[in-house]
Amino acid sequence: MIVADKKPIQEIIETIQNHTRILIMGCNECVTVCEAGGKKEVGILASALRMYFLNQNKDVSIDEITLERQCDHEYLEEIRDRVDQYDAIVSLACGVGVQFTAEKYHSIPVYPGVNTCFLGATEERGLWTERCQACGRCILAQTAGICPISRCAKRLLNGPCGGSSGGKCEIDKDIDCGWQLIIDRLKALGRMDAYEKLCPIKDWSTDRAGGPRKVTREDLKQ
Amino acid sequence: MSVKTPSRLEKILAAGHLAVTSECGPPRGSDPEAISKKAELIRGHVDAINITDNQTSVTRLCSLAACIRLKLMGLEPVLQMVTRDRNRIALQSDILGAASFDIYNILCLSGDHQRFGDCPQGQNVHDLDSMQLIQTARHMRDEGKFLGGDPIKRPPQMFVGAAANPFADPFEIRVPRLAKKIAAGAEFIQTQCIYNLDKFEQWMRLARDRGLHEKVHILAGLTPLKSAGMARYMKNRVPGMDVPDAVVKRMADTPKEKQPDEGIAICVESIQRLKDLPGVHGFHIMAIEWEEKVPEIVERAGLYPRPTLD
Amino acid sequence: MSYPSNIRILRVPCTGKVDILYILHAFEKGADGVYVVGCMEGDCHFTNGNFRARKRVEEAQRILDTIGIGGQRIQMFNLSSAEGPRFAQIAREMTERIRELGPNPIRKHHPRAASFQLCPPKAD
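Protein chains in written order, with the working numbering: chain F, 1 to 222; chain H, 1 to 310; chain V, 1 to 124.
Don't read these hints as lab results, they were simulated from the structure. Worth double-checking, as some hints may not be accurate.
Stated by the list, open to error - Straight line, CA to CA, 27 Å or less: simulated BS3-like cross-link-like pairs of lysine-lysine:
#1 K153/H to K202/F
#2 K6/F to K40/F
#3 K104/F to K29/V
#4 K58/F to K7/F
#5 K29/V to K6/F
#6 K199/H to K168/F
Input sequences plus hints: build the corresponding full structure.
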């Protein structure tokens, strides 16, 4: 899922300083799972902001809503008839949701309430870690199910580097060396022969480097 | 092995001599004297001089410019090139830049993560990794083509090298990794500096078991210790470094003012022991900021004068 | 057992039931202070409800500090149900602290905060 983290309240306050009718909009999907932008977090942020503005003796109204998703037209349409009541939306969805909302309601400013961090998994409640860089051409079959692009700090395709130490990455002893993980897994699968196979130079044109990407499915279009 | 390039280093190795290389770190400024002074200290005592490439991710004068300066001084440079800072266009471009000045040696590396250096907030590139850079340099030389397929006018004639670290984790893939670099096209290897000779000999034995010592020239890396403090630092704070307790003790048991001499002695003894190790084809002496000691080490190890080539 | 009359007690089956929003809404509505009283750590009837409550109280403290209301206005205490006198003592302690801090700063602009539509009807 997309993992996000709450923006500091101070930063959000600075962003919305000059607005008086604000809608805090959450999302029921990824940001709910990583407890950054779901209904609960919307409630907390809204309450905190209300108290802040009351304390400043400013007349600011803060409403709350949480949509199923903010990356599909149908769900964003649900606020069509009330969006004129507001002069700003703070979206706690990931960067996709913030933008999609802004595209749909382009005459009202839409501000982000979270920092979108990475594609990852819940290792345990309160700990999310990165797993995928969305390179567009998955090589997991060749690397025993562990991705060197997202789990190696240098995205080496023929790693590890000489800095791998005790199974940890040279940049941080709390970060696993991605290549150590791959080697361990290759051993467990009895496929250490695959280690010496040279991974060829990667085509990064399906990655961010190739420009903003899209997926089209003619068989699904109406 | 026959010679494929005009590289002096390659010729010396092909002739069966023990080669000696050393390294210089460029300055954190644009003063060319900083390089030429260091290089002059070791002229005549080494066969080739590596110039590091923004080592430890600390921004310095670029390796290519410093190599050109060495070339203009009549010395033999080894261009160290990391994949951290440049994409494949720039890497190929810099190889051509080096070739245009008749620089014939390249050492292909990934590079330390930028977190260690002066620009921890910067991007890293790693469009290619070190193995793929080895392939690229060989491709440009042997096929005379760019990665994109177009022909190169006056292709580079690089003698292609790579680094190896017999002491990094996990040990079980250190020799497979060497094999992989050879398969990628590496023609010479410079190892990480050696203090644990037993472990190095074990690595060499495993390499010889696979016949790798006949496919690539291995130069054993050595760095003389300046002090017991340096020994401890390298032991505890540098990843991929193996400094046995006995070495630290030997340094620590020496009175402080004599420790530098002891460090040199250890270095010379290591060379003398490794000279006899089958598969070791030379030595890479890394005496960073202590270049003035390289001549003494080379002489005491019985490696002076350097062979002349006709 | 007597304790100050300015305290409104809300009973919950376990402090683990205390949602952080209860705390924040209380201050929104003009409460000058809030405290959460739970079982001794290790004695929670539901194992770790009081640990969860503590985390939420700490989060509320951070939020109240950030927005200028003051995190000292919210605190968690742990005691056993047999400690009546301690309960009264906590009540006096909290009351004294809040008296020194003064009223909830929101109330200087909105004296009748409790009647103000602080929580507009939720849209969903």
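Cross-check of the supplied hints:
no.	hint	in the structure
1	K153/H to K202/F	25 Å, holds
2	K6/F to K40/F	12 Å, holds
3	K104/F to K29/V	35 Å, violated
4	K58/F to K7/F	22 Å, holds
5	K29/V to K6/F	25 Å, holds
6	K199/H to K168/F	21 Å, holds
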